[in-house]
Structure formats: C-alpha cells, structure tokens
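Q: Sequence:
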Amino acid sequence: MNILPLRVALAQVNVTVGDLEGNARKILTSMQQAYAAGAHIVCLPELALTGYPPEDLLLKPEFVADNLRQLHHLVSESNHMPELTAVVGFVDRDHDIYNAAAIINSGKLLGVYHKHYLPNYGVFDENRYFQAGRQAPIFSINDVHVGVNICEDVWYPTGPMTMQAHAGAEVILNINGSPYYAGKETFRQEMLATRAADNGVIVAYLNMVGGQDEL
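According to the working numbering, the sequence shown is numbered sequentially starting from 1.
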C-alpha cells in the first residue's frame, strides 16, 4: 500500500442524549480544533449529534427534524474549514430513519452512510427504531480512498468493510458508541487487526466517552 499522507483526528467527545444544540457546539469545537491542527479528517462518534442511545426520542418527529437542522448548521459552518472533512454521527431520515454518518466538507454534504448491522441484544435495541443500510460508499479525501462505517458493521468478516475494500478503499473509519466492559479493549484491538489484515486496509477506530443512563 502506497498512499499519500492523511492526518486523521479522532474526537472522543462526551455528548449528552437529547442535547442537540450542546452536542452540535461540541462537534463544531472539535472540527475547529482539528482544522487548526492541520488534520485532513476529523471523526466524531456514532450518533454524536443526538447522543447515544437516543431511544424513544427517535419516535418524536420533531426531535429527528431538529437533529437534521443542527447537522445542516454544521455543514454550513464547515465552509470556514475548506481543507477539513468531518465525519459526524447523526440520525438520517429518508422515509424511514437510519443510524447514519454524514461526510461533510467545505459547506457541502458529500455523502451519508447508513449503518448496516443494528444490534438488538443486551442493552441495545437499535432494530426497534432504525432501518438497516445497504450501501457502502467510499470517498476521495486528500486523494486517498476512504470508507466510513459504524460500530458493529466492522465486526463481520463479509460486512461493509469488505465491500468498501473491494471497491478500492485504502482507509476505513469506524465510529462507535460502544459501552465498556473488562477485557473489551484487547478483544477489539485483535478483531480490528484481523479485519485490517484480511482487507489490506488501514483502520481508524473511534469510540464515544462518558456515560448515558445504563451505558
């Protein structure tokens, strides 16, 4: 693999479920800090805009609409940071709603990724709220082919990462809102190393910090 330098900032923000304006401010601050540091990409965690897990707030159409308004504000603000691409977790709406990642650059929404694998066990009930995505786009950032996926999508050997690698992705960005338990760090590092080696890609993995309710 011979790719151009790509500086990736991983912003482990501590967001709050339901605080859309406050979360958007934290995201914008992270974007500004990454831009000042010379990053090409800044990644924010899974559902950073809404907080994770938003649960029954997702049943309120006005909450989803407000989350989209805050996203559009971030897109507008990105016009002041033209060399920075931001990956922001949010809730997308296209008939159904999706656990999504927005890819933003220079005042434009370059694309959106919808999470494929929706956990529905233990503390998770994403399948109750979201529809599963089917597409696995890649993006050219600083002349590097980059794939974006979300949390559990990276677990599966034949999942979206493989689709993106086969489509030419050189770097995979995986954003998470994954709760901690003892021993998880070692397991996750081993799994990510396996996925990276199997697909011949570089993987950047970002998790949220802090706590929400039982998580």
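Keep in mind the hints are simulated off the structure, nothing from the lab. Where hints are given, some of them may not hold.
[Stated by the list, open to error] Here are the computed distance ranges between Cβ atoms for each label pair:
| hint | residue 1 | residue 2 | range |
| --- | --- | --- | --- |
| 1 | Asp143 | Asn120 | 34 to 44 Å |
| 2 | Asn142 | Asn120 | 34 to 44 Å |
| 3 | Ala197 | His80 | 12 to 22 Å |
| 4 | Val209 | His73 | 19 to 29 Å |
| 5 | Asn79 | Lys184 | 21 to 31 Å |
| 6 | Val13 | Asp125 | 22 to 32 Å |
Even glycine gets a Cβ: it sits at the ideal position worked out from N, Cα and C.
Q: Hints first: check each against the structure and report whether it holds.
A: Going down the list of hints, with the structure as the test:
Roughly 39 Å separates the CB atoms of Asp143 and Asn120, a value that falls within the hinted 34 to 44 Å. Between Asn142 and Asn120 the C-beta distance comes to about 37 Å, which sits within the given range of 34 to 44 Å. For Ala197 paired with His80, a C-beta distance near 39 Å fails the hint of 12 to 22 Å. Between Val209 and His73 the Cβ separation comes to about 23 Å, which falls inside the hinted range of 19 to 29 Å.
Take Asn79 and Lys184: their Cβ atoms lie about 39 Å apart, and the range 21 to 31 Å is violated. Our hint of 22 to 32 Å for Val13 and Asp125 holds, since their Cβ atoms are close to 23 Å apart.
Going through the hint list in order, the structure does not satisfy hints 3, 5.
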